[in-house]
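Q: Take a look at the letters that make up each chain.
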Amino acid sequence: MNTTGEYNWVALFLFGGACVLGLAFALAALLRPSNPGLFKRLTFESGARALGDALVRFNVRFYILAIVFLMFDVDVVFIFPWAAAFRLLVFGEENRLFTPMGPACLWEMFVFIGILMLGWAYAYRKGALEWV
Amino acid sequence: MIDRDVIGYDQIYALGPVIILTLTVLVLILADCIWRAFSRHVKPGDVEHDDPAGMGLMPNLVITLIGATAAIADIFYLLGRLRAGGGTALAELFIARGFPDATGRHAWEAGALAIDSFGLYVALLGCLILIAVSLIMLPYLQSRRLFRAELFQLLVLSTIGMLLLGFSRDLLNTFIAIELLSLPLYVLCGLSDKSSASRESSLKYFLLGAFASGFLIYGASLVYGAVGHLNYKAIAFYLSSNPDVSNVLLAGLSLVGVGIAFKLALVPFHAWVPDVYQGAPTPVTAFMASGVKVAMFAAAIRLVNDSLVGLDAQYWRDALAVFAILSMIIGNLFALHQSSVKRLLAYSAITHTGYLAVALCAGGPAAAQSLLIYLAAYCIASIGAFMLVAYLSRPGQDDVYFDELHDLSQRYPAASAALAILVLSMGGLPMTAGFIGKLLVFRDAWAAGLHGLVIFAVLNSVVSFYFYLRFLRAMYMQPRVPGTAPLEAGSMPAAYAITAVVSVVLTILFGVLPQLLVEWGNSGVMLQ
Amino acid sequence: MIPLVSNSLILSAVLFTIGVVGVMIHRHPVMIFMCVELMLNAANLSLVAFNKQHYAENWHAVDGQVYAFMVIAIAAAEVAVGLAIIVSLFKRRARVDVDEVNQLRN
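Protein chains in written order, with the working numbering: chain A, 1 to 132; chain B, 1001 to 1528; chain C, 2001 to 2106.
Just chain A, same shape as in the assembly:
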């Protein structure tokens, strides 16, 4: 089957999305009153005032979140190869349901994710996800 054909739909979605967005902005520009002032030109981000330079040192607290993120990051490194080989491992080459290794291969991943989730639960209880 021609797989590239399936991607045409993606292109269509992209095009459609861009059109809708452009239309919305164009309509808004036509309808709204244009009245620029000093405060309107300020960068608006979540109600916080823009201060200082963009090249500041990031808050140390972001590192904590980064460390927690790493867990999921590495998680995926092992889940992807497992998922890619899953069909072969569980069903075998002749498409039998469950090769001798099959159930073990299935449960192994649950054990792996279980251990990782335990670590995540510990980090959560420890308050690593709270903004202190």
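These aren't lab readings, by the way, just hints derived from the structure by calculation.
As the structure is a prediction and not an experimental result, all values here were calculated from the model.
Every residue, glycine too, gets a C-beta built ideally from N, C-alpha and C.
Please note that a few of the clues may not be correct.
To be verified - Just the calculated beta-carbon pair ranges, DEER-fashion:
(1) A:I113 / B:W1520: 53 to 63 Å
(2) A:M117 / B:P1243: 50 to 60 Å
(3) A:C19 / B:V1248: 40 to 50 Å
(4) C:H2026 / A:F80: 26 to 36 Å
(5) A:I113 / B:A1031: 30 to 40 Å
(6) A:G119 / B:A1102: 50 to 60 Å
Stated by the list, open to error - Computed list of lysine-lysine pairs in DSBU-like fashion (alpha-carbon distance at most 30 Å, straight line):
(7) A:K126 / B:K1194
(8) A:K126 / C:K2052
(9) B:K1194 / C:K2052
Chain A is fixed; fit chains B and C onto it per the hints.
A: Frame of chain A, contents of chains B and C only:
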């Protein structure tokens, strides 16, 4: 060039001790999560402020001790099975084999993990060290008001790394096990977050340790490039079947050697040792001095015996001998005039690395056995000595200085006597366990024809008595320096007393009746 | 030898050297740490390249690539521990410089 079994599930029972310790870690984490699930103020790992005795740490200690005891029971069960089976190894896990030749015979066949008697004895030592260190951890934490429950998880994780390192016969496995051993230790060094020395030792250990592991894994990748596999047996087969050693392989093996020498603290890769030993909390130092040494030397002797056998000794023995000689000289020289006890013990650890490297130079099953005996004696002495440092040191400062030791025998006769016996055992005084270890190591090296190296090592161990006798001089002969406050250690907590008595008794017992230790080591011979 | 492989190996050797030199000349722990990561990734690259070289005709043999996954996982664990240690240093002082971490001396 290889063919492999997917996994040996029927042999997974042989990993029992590792699995038991892993479950212990999981239970510890889970217990910590649940323990204070309904408490809003206290996070897991912390202990309540209205708990000055730190009894909240008790459950963690008990779980750790139960796990370690169960692992030891399992090790004895596996050793029994091994003897009953009469084979060389109980099980080989993750077996790979070279492609068969014309006659259908495989060129080599070996598991990445070999559960043999050598590995099981290393595991036994590891679990015993875990028990000793977690016992002395509790009174230490209480005296420092430093309540961190995570440290038990980290200690057990590090012990799992030790066990795997003892079993490992594959460079990648060795790398992973070394990391599992080291990563918790980096954190443990920074355990006492009030002390800047502790944080500093943690950072130094981490940066240099990570640097070393970079060398190790890049070397392993070069070995993989030359051989096509990372199994030690595959390397040995490649070496024996290719008389012209490729430069890629030599470069890879030397980078691996640099990485391992960093962790072993062989001079010139020793710079981190004194700082880290001094800055780390004392029970953690005891763990590093005993556990890490055992595990890293187990890994090194496996690498030498299993994979370097095919390599002409000129490629590695001379270099290792130079490192050994340098370690002995530098360790001794710097130890002579240290004012801090922990720093002196750190330099003495470097010297001991030198003696043990002499056994590595000799190689072979006999050297593996002597190495185990030496390490057992050294572990007993160093855990005991660091424990006494932890007991004697002032709460605010995690170290003891020699001028504080003056006159100690008058006020703490038992502690001084124990410290004296343990440091003399480190020096290798006859009638102590340390002497037996040294004797066996030097005998093997002599039998391997390394006469000059042995003579040099014996001379060095005579020199080293100078600084071990400084302990005796300070404690028994010198009056207190006027103006210095005496150490006020108070009465000895039960856990310290037990550890001290056990280590002194074992030191003298093995010194007087060496056959106990030698038979223990004999059955730990690495059979191939 | 396939040119692609030897080029990758040269690149990995260069990366490793940059990492080693970087560890020696940088003073900020985070920079030192990133150079260590560079060393580990150089090892990853050469593992994958050597795998390609050894088993060019047998695409089922992916040992080296699986080793690289393991190294990635270990490197991530190292990042977690290393960042935690550096953050705990940051909490105490505004500036972190390995030359200032010199309380323990002979």
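Q: The structure should be examined with respect to each hint, and the outcome stated for every one.
A: Against the structure, the hints come out as follows:
1. A hinted range of 53 to 63 Å is violated for the C-beta pair I113 of chain A and W1520 of chain B, which are about 42 Å apart.
2. Remark: the range hint 50 to 60 Å for M117 of chain A to P1243 of chain B is upheld by a beta-carbon distance near 53 Å.
3. Look at C19 of chain A against V1248 of chain B: about 58 Å separates their beta carbons, and that is not inside 40 to 50 Å.
4. For H2026 of chain C and F80 of chain A, the hinted distance range of 26 to 36 Å is satisfied, since their beta carbons lie about 33 Å from each other.
5. In this structure the supplied range 30 to 40 Å is violated for I113 of chain A paired with A1031 of chain B, their Cβ-Cβ distance being about 20 Å.
6. A hinted range of 50 to 60 Å for the beta carbons of G119 of chain A and A1102 of chain B is consistent with their spacing of about 51 Å.
7. Under the criterion of a C-alpha separation no larger than 30 Å, the hint pairing K126 of chain A with K1194 of chain B is consistent with the structure, at around 19 Å.
8. Taken as a hint, the K126 of chain A and K2052 of chain C pair is broken in the structure, with Cα atoms around 44 Å apart against an allowance of 30 Å.
9. Note on K1194 of chain B and K2052 of chain C: the hinted pairing is violated, with a Cα-Cα distance of about 50 Å set against a maximum of 30 Å.
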